[in-house]
Amino acid sequence: MVRCLLFIIFIVLLVEQSQASLLFTTDMDLRYHNTDFTEHKAELHTIGVSFRKIFADEMGDRIILFLLAETMHNFKENMIDQGYLQYKGPLGKWNITLGRYRLPFGLLANYSTDRLLIKTIEYETIGFCSDNGLQISGILKDFDYAISLSQGVGKHFKSIDIDNQGLITFRVGYQGVDFEDFRIGLSGLTGKIYQEVDDKVGILNKKLLAIDIIKYSGRLVARSEFSYGKESEKTILGVFSGVDYAILPKIDINTGYVLVRLNGDIEQHSLSLGLTYNIFPNLQVRIAGKIPIKNEGGKNELSLQTYYVFARSF
Amino acid sequence: MSYLFKLIMSLLVLFSIGQTQEVYLCVWRNPERTMTKIFKEAKDYKTITKKISPEQRKIIEKRLGSELLPGQRETYQYYEMLDTKGNILGYIIASSQKGEYGAIEFVFGIDKEKKISGIYIQRARERDKEFKKEEFLKQFIGIGIEDIEKLEISKTIKAKKTVGTSAVLLGIKKELIAFYELVEK
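Taken in sequence, the protein lines are chains P and C.
Counting in this note's numbering, the first sequence runs from 1267 upward without gaps.
Counting in this note's numbering, the second sequence runs from 77 upward without gaps.
Worth flagging that the hints you see were computed from the coordinates, not collected in a lab.
Some clues are possibly wrong.
Calculated lysine-lysine pairs in the BS3-like style (CA-CA distance at most 27 Å, straight line) [unchecked claim]:
no., chain 1, residue 1, chain 2, residue 2
1, C, Lys191, C, Lys249
2, P, Lys1342, P, Lys1516
3, P, Lys1407, C, Lys188
4, C, Lys161, C, Lys237
5, C, Lys261, P, Lys1481
6, C, Lys191, C, Lys82
7, C, Lys82, P, Lys1359
8, C, Lys161, P, Lys1407
9, C, Lys174, P, Lys1481
10, P, Lys1516, C, Lys190
11, C, Lys249, C, Lys226
12, C, Lys161, C, Lys138
13, C, Lys261, C, Lys191
14, P, Lys1359, P, Lys1307
15, C, Lys209, P, Lys1319
16, C, Lys127, P, Lys1307
17, C, Lys234, P, Lys1319
18, C, Lys208, P, Lys1407
19, C, Lys226, C, Lys119
20, C, Lys208, P, Lys1481
21, C, Lys161, C, Lys174
22, C, Lys249, C, Lys234
23, C, Lys249, C, Lys127
24, C, Lys119, C, Lys174
25, P, Lys1407, P, Lys1500
26, P, Lys1407, C, Lys82
27, P, Lys1407, C, Lys234
28, P, Lys1473, P, Lys1500
29, C, Lys205, P, Lys1319
30, C, Lys82, P, Lys1342
31, P, Lys1481, C, Lys188
32, P, Lys1342, P, Lys1407
Stretches of chain C that chain P covers, calculated by requiring three or more beta carbons in the stretch to come under 8 Å of a beta carbon on chain P [claimed, not checked]:
no., segment
33, 141-152
34, 171-181
Idealized CB from N, CA, C, for every residue including glycine.
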């Protein structure tokens, strides 16, 4: 991991190519978490550092190098969330990505809740967000597509030690050029996933289909995902629906509804409500409460977050 | 080795915390999808980043009559729009200005004569809708660097003066001045 980080820093600092541009970003996520008003936890949840460097030739931008390294839970978990090389074809019709990248599945293709308090459902449905592999993606008029062949291991395990047979993921999306405020996508996933279930690590056979929708309307953003499929012999159903609305210039209200059923049994059924105070566009304080709905064993959760992101291009 | 990793991460974050302030980066979202909105014959684009020296920043701010926003003071980014042979068709500039509900992001193109050839609002969460109107945005088509001193809302630009319309006007002035000072000069 350190070698990878140093390698990127090396590229950034030493490759002084006149046709290259670089974006450097760091972010910090501090959290306090309370469960059922009995368990308390305060932590430095995440520090992330990312570099995005573009190399161009005479015909346009050609290669993108991207790295996002993270240390989580008071420095206990260190990992590369994403680290890939992307070769860009002309007009974005095709791009080849090699390395660790976000899987093109459901809302994850356009929206990540890793740094938010109200979560989507990819950890319950897929099991992880990023995986190691090869992806071909692009844009054809109003449609975009992506197909990925990856290890099915995620970022939390050392992929080198694992013999997994791989995972195929695809997504076809629509976003009109004249109506950029609406996106819809259909995605699928099939293969074997290396995943921790009930403190045991094993390989699960998964087949999933999902529909995702994002709608921007002035001060409101609505996002939904419906996933359905098989996890080994069990049926899995996942629903997420969330709305963010700016009630005041610096204050957003955030809501989220989650339902996850495994073989008919409710794994998670909750409603979340939160507030975001945007001190600056890049410094925010959030509070969110999660309430279980008719879910025995579900817990009330209250979270507080201070989030800061810094970005600079060179 | 993990200590070294943690140390590097912490140092980079500490460096960035030292810079805590509002940041307004100019980002062109979905370039492949939207580039043909302004340049129909474009086949690709090239990202160009120019450094802004302290002297150049002073000149730009003096001409603009306003300070550059944080995040826009050190570098200036624009995009060369290219045809199939790599010839430049024009330029795309993505701008970000301070609105009431956060950043107002808009994108405009300038042709080889350095006149605005197209403009659209990329992202904004404003209550105000005036600056999104086609009749307001259309008035900037054909405007070049030599015209910017004349631009004034409710005089040369027919629109209600709102947070949004003022932000778009200031953003266009800023980008054209910066383009002239950093690219053309």
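Inset, instruction - Output the numbers, in ascending order, of every earlier hint that fails for this structure. - result: 2, 4, 5, 6, 7, 10, 12, 14, 15, 16, 17, 19, 21, 24, 25, 26, 27, 29, 31 and 32
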